[in-house]
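2 protein chains.
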Amino acid sequence: MELEQKVEYLSEEGWRQWHLELLQSTINRVYHRVPFYRKLMDEQGISPEDITDLSALKKLPFTTREHLEENYPYDLFAVPLKDIVRLHTFPGPRTPIVKGFTRRDLTSIRRLTARFMRTSGVSSEDIVQICLDPGMSVWIEELKEGAEEVGASVIPPDPQSVTNRIRIMKDFRTTVLVTTPSYALYLLHFMQTQGIRPPESLRILLLVGEGIASAERLKLEQAFGVTTRLGYGVTEAVGPGMGYECEERKGYHLAADYFLAEIVDPETGQEVAPGTVGELVITTLAVKANPLIRFRTGDLCRFLEGPCPCGRTTPRISQILGQADGRVSIRGIKVSLSYVETLLKETYGHVPEYLLYVRRHNFLEELELWVAINEKLFEPSILGLHQVAEKFERAFEETFGLPCRLKLVEKDHLDQVARGRKIIKE
Amino acid sequence: MELEQKVEYLSEEGWRQWHLELLQSTINRVYHRVPFYRKLMDEQGISPEDITDLSALKKLPFTTREHLEENYPYDLFAVPLKDIVRLHTFPGPRTPIVKGFTRRDLTSIRRLTARFMRTSGVSSEDIVQICLDPGMSVWIEELKEGAEEVGASVIPPDPQSVTNRIRIMKDFRTTVLVTTPSYALYLLHFMQTQGIRPPESLRILLLVGEGIASAERLKLEQAFGVTTRLGYGVTEAVGPGMGYECEERKGYHLAADYFLAEIVDPETGQEVAPGTVGELVITTLAVKANPLIRFRTGDLCRFLEGPCPCGRTTPRISQILGQADGRVSIRGIKVSLSYVETLLKETYGHVPEYLLYVRRHNFLEELELWVAINEKLFEPSILGLHQVAEKFERAFEETFGLPCRLKLVEKDHLDQVARGRKIIKE
Chain L
1 MELEQKVEYL SEEGWRQWHL ELLQSTINRV YHRVPFYRKL MDEQGISPED ITDLSALKKL
61 PFTTREHLEE NYPYDLFAVP LKDIVRLHTF PGPRTPIVKG FTRRDLTSIR RLTARFMRTS
121 GVSSEDIVQI CLDPGMSVWI EELKEGAEEV GASVIPPDPQ SVTNRIRIMK DFRTTVLVTT
181 PSYALYLLHF MQTQGIRPPE SLRILLLVGE GIASAERLKL EQAFGVTTRL GYGVTEAVGP
241 GMGYECEERK GYHLAADYFL AEIVDPETGQ EVAPGTVGEL VITTLAVKAN PLIRFRTGDL
301 CRFLEGPCPC GRTTPRISQI LGQADGRVSI RGIKVSLSYV ETLLKETYGH VPEYLLYVRR
361 HNFLEELELW VAINEKLFEP SILGLHQVAE KFERAFEETF GLPCRLKLVE KDHLDQVARG
421 RKIIKE
Chain P
1 MELEQKVEYL SEEGWRQWHL ELLQSTINRV YHRVPFYRKL MDEQGISPED ITDLSALKKL
61 PFTTREHLEE NYPYDLFAVP LKDIVRLHTF PGPRTPIVKG FTRRDLTSIR RLTARFMRTS
121 GVSSEDIVQI CLDPGMSVWI EELKEGAEEV GASVIPPDPQ SVTNRIRIMK DFRTTVLVTT
181 PSYALYLLHF MQTQGIRPPE SLRILLLVGE GIASAERLKL EQAFGVTTRL GYGVTEAVGP
241 GMGYECEERK GYHLAADYFL AEIVDPETGQ EVAPGTVGEL VITTLAVKAN PLIRFRTGDL
301 CRFLEGPCPC GRTTPRISQI LGQADGRVSI RGIKVSLSYV ETLLKETYGH VPEYLLYVRR
361 HNFLEELELW VAINEKLFEP SILGLHQVAE KFERAFEETF GLPCRLKLVE KDHLDQVARG
421 RKIIKE
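The listed protein sequences derive, respectively, from chains L and P. The first sequence begins at 1 in full-length UniProt numbering and counts up by one. The second sequence begins at 1 in full-length UniProt numbering and counts up by one.
Treat each hint with caution, since some may be false.
Which residues of chain P face chain L? A partial, calculated answer using Cβ under 7 Å [what the hints assert, rightly or not]:
| # | residue |
| --- | --- |
| 1 | Trp-15 |
| 2 | Ile-84 |
| 3 | Leu-87 |
| 4 | Thr-89 |
| 5 | Pro-96 |
| 6 | Pro-134 |
| 7 | Ser-153 |
| 8 | Val-154 |
| 9 | Ile-155 |
| 10 | Asp-158 |
| 11 | Ala-395 |
| 12 | Glu-398 |
| 13 | Thr-399 |
| 14 | Gly-401 |
No lab work stands behind these hints: they were computed from the structure. Note that CB positions come from ideal geometry on N, CA and C, so glycine has one too.
This is chain L alone, in the form it adopts within the complex:
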């Protein structure tokens, strides 16, 4: 067994000792290198020396997505800009969030993602095809590099129609398909309606970006004749490889060598009772460029109790049961309502009444933004209104890497359908 894998089987005492060392060095680094964290800690009267026990973590303040925005562009970097070898950007609540990677970070993430793949049964014999929307670009990079680390052949997500994707899958005898649960269901539906037989070579579906109900999972496994494995990640920290299923498939094992996890009440910020649903909070332990202390992921889940029959001693969480903040997950991409409002404001000069409508059209999630017609939207012509709508659609797609149709609707109709909600997910 390689060291990489052994680590997942540490004893409770082993973990405690190692976590404490990693936490101490992390806190020490951020305190001395990130003025934001130093200030937060000073305000609470906490110094790195106070971290004598893992429970001291609870004294530290939370980091939120709003903090990431406020400290844009690089006030949260714990290394000089010259040590950053890659920078990714993705939409935050109101402005872009930036994530930097040192060479060491890229290596760590490659290893984590490779562990997720290996644990899922992927080997150097595999042909791994990645089908993900451009909005998941950070994950796409990580998955591609993780699969390369395993030694597999990789088919990255080039622009392709669904017909061509299936064709490529069959012609190149893809053995592992990496996609979201909703895209996998859409693929299956498409094949069934077109009378296309599932690719015989396929043996594993790696499902990332979203959870999936047991019935739908079973349907995928039976129809494709494959095993499915789920991966969980937080773009601000790391993509799949942060949490992954073992052969028992009882929740996500967390990569405890890279993160400490807590689950808190989203309202009070207090730790929830064991096994209760709350918001996942993570502290990175080995991240060089962008360490995060008690980062509120916004993801609702619960810890799974008791040891896992697989023997891994890492903590496990349930699937993600929802979002604590104003976000919605569409095809694995997190869309925050406040960013949608920012785009609406840029388009119309104000935020009109709206409804984000997520339809499931043949199992493919399609996004519509309903905007109530009002006199402020007034344009001299219908054509003008359409052009403005097109402008919004372009901005939305450029921002989230997802298409969204803007529909102008009567206010009464919007009110009737929305009934006070901002998001409807079919």
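Chain P: place on chain L using the hints.
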């Protein structure tokens, strides 16, 4: 001077000897490993032993994009599938084209792209931001890896609005921007109309995927206060790094250590007189997975005569002056009319009369497909017609990684504007 660089200064005799050795080994490999090439050569009565001189190359038959399609998926691979570590797909004339890379190919391409960057003045101190459409995904990968090879920090093209791209450019003090000439002009126009000052940190624009007129180039250099360098590539072989400008900026130096270049009359296939415009034909010399013998690029250009004042002895070609085949370059992405017709047929069941209209809207190329209304397009409702058009738009964007609006127009109007043409580029 590193070996990598020394190679660009070989003597004429040195090149001839080396080229012959590389050509012989390439022909030998494809003859024994690629049945398609063996058959072609057998038909012409040529054996690898006949390649005793560089001029023997002219006896070999051409390879076209149609051959790449016919030999899809992997009949042109010169290595077993297990040695392929990455597979990219992109649209060919009628069906997808697939390109495989061995680990060695990835290393070669990384070196070629790094040489393009170094020759253009990029160093490990640089922050390289890549702004390219998803349709250029193969090039994006190559450019990212080439910049990493140089040791620069890389900002890959995450989905982002133009405002955010400029913001990131300024906030992270981007020094090198990699984009297409048309996107650079669009950026400039956008900044000027919005009253945004160009990023002061920017010192080099690397322009790829298209050529640019001298006046527009000068405009970019003056407004941004930068140097511009152009790179040329052929997706079927390798992206920029195949041809790049030196400090003299007099045409593209070809990477003669990786390719042999000829220029032929697109009609007759005969070599053109020195300095005459014709179609560029390339033969790869160091490619392992997908070697190409006399591949007709479809790109019209001419050889530049005489030695380059920079001292490099590699052959030079002019900018690309047009396309010999039914393709058009839009934002650096080659769109083939026959593939557009394939999509139209899938959408409407037949190919209606159409016109591909490339507009320049504020310097950003926007694509419209005009379709003549006829009774065969009949749908029970206007809504139905729109839904079918949306279906086409989605398929187009998925295929080419470029948005395209479908407009239904009266046949008379289309005829009047098109006057027999299938493409209009403003």
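Practice item. Against the structure, test the hints numbered earlier, and report the numbers of the ones violated in rising order. Key: Result: hint 1 breaks, nothing else.
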